[in-house]
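Sequences listed follow chains A and B, in order. Each residue of the first sequence is one higher than the one before, counting from 14 in the numbering used here. Each residue of the second sequence is one higher than the one before, counting from 10 in the numbering used here.
Simulated from the structure, these hints should not be mistaken for laboratory data. Note that beta-carbon positions come from the ideal geometry of N, C-alpha and C, so glycine has one too. Mixed in with the good hints there might be a few duds.
[Claimed, not checked] Each computed EDC-like pair below joins lysine to aspartate or glutamate, with the alpha-carbon atoms no more than 20 Å apart:
no., chain 1, residue 1, chain 2, residue 2
1, B, Lys198, B, Asp13
2, A, Lys16, B, Glu225
3, B, Lys198, B, Glu60
4, B, Lys198, B, Glu226
5, B, Lys119, B, Glu79
6, B, Lys119, B, Glu98
7, B, Lys198, B, Glu56
8, A, Lys16, B, Glu60
9, A, Lys16, B, Asp13
[As the list claims (entries may be wrong)] A few chain A residues facing chain B, derived, Cβ under 10 Å:
no., residue
10, Leu15
11, Gln22
12, Thr26
13, Tyr44
14, Pro63
15, Arg65
16, Asn70
17, Tyr75
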Amino acid sequence: MLKDILIVQAALTGLTTAFLYYLGVHSIDIYISLYTLIYLATMTMAEPMPRRVRLLNMAIAYGLIAVFTYFAALRIMAILGVG
Amino acid sequence: MRSDVGASLMIIGASLAVVGYIEPGLIPLMVLGLSAFIIGLLVQWDEGAMEQTIINLSSAAWDNVSALVESAGLANSGVYLPSSMANGEPMVLIPSTPVGNLRNIRVIGKPLATYRAGLTGLLLASPGSRVALTCRDSLTSDLESSLRNCLTRQFPLARGVTVTEAGGEVTVRVEGPRLIDVYGGSTVKAIFGSAIASAVAAIVAEVLNRPFIIQEESRSGGALLIRLRGVG
């Protein structure tokens with residue numbers, strides 16, 4: 014079950030990354046944000062997971078959300094003209 | 010044997026991420042590397058997790074067997090019988106007396122058998138019985154190749170097997186054993202031996218067509234040494 018979801022996740026990540034590169038996007042925040050969305054969306058389909066995988070998944074999800082929040086905050090600060 | 014897919018994905022992913030980070034303009038490569046690393050990490054952690062859940066659930070059955078054996082006052086090591094002695098199926102006889110000279114084993118019907126002069130014992134299937142039954146068609150008169158075929162090809166339980174025979178004893182060295190606690194901590198392990206020892210004993214009994222008991226199991230480096238003694 015988890016392996017099927019991971020294959021879907023890898024395919025979506027590959028397609029999205031290729032498409033963004035084709036569009037000429039070079040900023041890391043957009044790549045990371047979209048990867049975070051793909052990760053969170055696909056992993057919800059992998060439930061129920063064994064306990065230790067669920068804990069790892071939570072750690073990865075929190076890490077990605079933290080990075081996403083950081084980039085989002087930078088963007089918002091730039092728009093507001095802060096810093 | 011553990012699959013190496015997770016570890017491989019992690020290494021490739023980490024390498025791609027580092028190259029993507031160092032080299033300007035390769036941000037997409039870095040994200041792909043990060044994604045491969047995370048997928049590898051999840052695959053690695055998922056390995057064996059479901060297996061463990063199944064073992065936990067089925068440990069109730071082993072606890073029941075353990076209680077049955079203990080309540081019957083049978084705490085002796087199991088004797089691995091070849092199928093020719095147990096109505097066509099490799100089985101384990103748990104004798105009511107310490108194993109001396111097993112003779113005249115007669116199956117009354119599962120789960121009972123008589124041996125010697127009318128003594129009664131329990132006749133049970135062990136994990137090894139299932140292994141020997143599955144591998145029965147590929148067993149030959151060559152003990153070592155039979156064990157190797159069964160334990161490394163049909164069942165992924167070990168990387169290699171070597172056999173030494175001396176007198177009535179057979180010593181089997183199992184290289185790279187996959188040590189699974191199929192009994193979930195139940196005391197029945199003392200009677201059947203570990204899953205690998207049980208499989209080895211059942212195959213040895215089947216190939217040599219005589220009863221065997223597990224005399225000793227010990228670790229030797231990365232290998233498992235199993236000493237079996239022929240009885241009867």
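Going down the list of hints, with the structure as the test:
The hinted pair formed by lysine 198 (chain B) and aspartate 13 (chain B) fails the criterion: a straight-line CA distance of about 30 Å is larger than 20 Å. At roughly 40 Å between alpha-carbon atoms, lysine 16 (chain A) and glutamate 225 (chain B) are farther apart than 20 Å, so this suggested pair is violated. This hinted pair checks out: lysine 198 (chain B) and glutamate 60 (chain B) have alpha carbons roughly 19 Å apart, not beyond 20 Å. Under the criterion of a C-alpha separation no larger than 20 Å, the hint pairing lysine 198 (chain B) with glutamate 226 (chain B) is consistent with the structure, at around 12 Å.
This hinted pair checks out: lysine 119 (chain B) and glutamate 79 (chain B) have alpha carbons roughly 18 Å apart, not beyond 20 Å. For the given pair, lysine 119 (chain B) sits about 11 Å from glutamate 98 (chain B) by alpha-carbon distance, which is consistent with the 20 Å threshold. With a CA separation close to 25 Å, the supplied pair lysine 198 (chain B) and glutamate 56 (chain B) exceeds the 20 Å bound. Taking the CA atoms of lysine 16 (chain A) and glutamate 60 (chain B), the gap is about 15 Å. The hint holds against a cut of 20 Å.
Distance hint between lysine 16 (chain A) and aspartate 13 (chain B) is fulfilled; the C-alpha atoms sit about 14 Å from each other, no more than 20 Å. Of the supplied interface hints, the one on leucine 15 (chain A) holds, with its beta-carbon coming within about 5 Å of a beta-carbon of chain B, less than 10 Å. At a threshold of 10 Å, the smallest CB-CB gap from glutamine 22 (chain A) to chain B is about 7 Å, leaving the interface hint in force. At about 4 Å, the closest approach between the beta carbon of threonine 26 (chain A) and any beta carbon in chain B falls short of 10 Å, and the interface hint on this residue holds.
Taken as an interface hint, tyrosine 44 (chain A) checks out: its beta carbon lies about 4 Å from the nearest beta carbon of chain B, inside 10 Å. Interface restraint check: proline 63 (chain A) against chain B, minimum CB-CB distance 4 Å, threshold 10 Å, status holds. Interface hint at arginine 65 (chain A): satisfied, since its Cβ lies 6 Å from the closest Cβ of chain B, which is below the 10 Å cut-off. Nearest Cβ of chain B to the Cβ of asparagine 70 (chain A): about 7 Å, under the 10 Å cut. The hint holds.
For tyrosine 75 (chain A), the shortest C-beta to C-beta distance to chain B is roughly 13 Å, which exceeds 10 Å, and the interface hint is violated.
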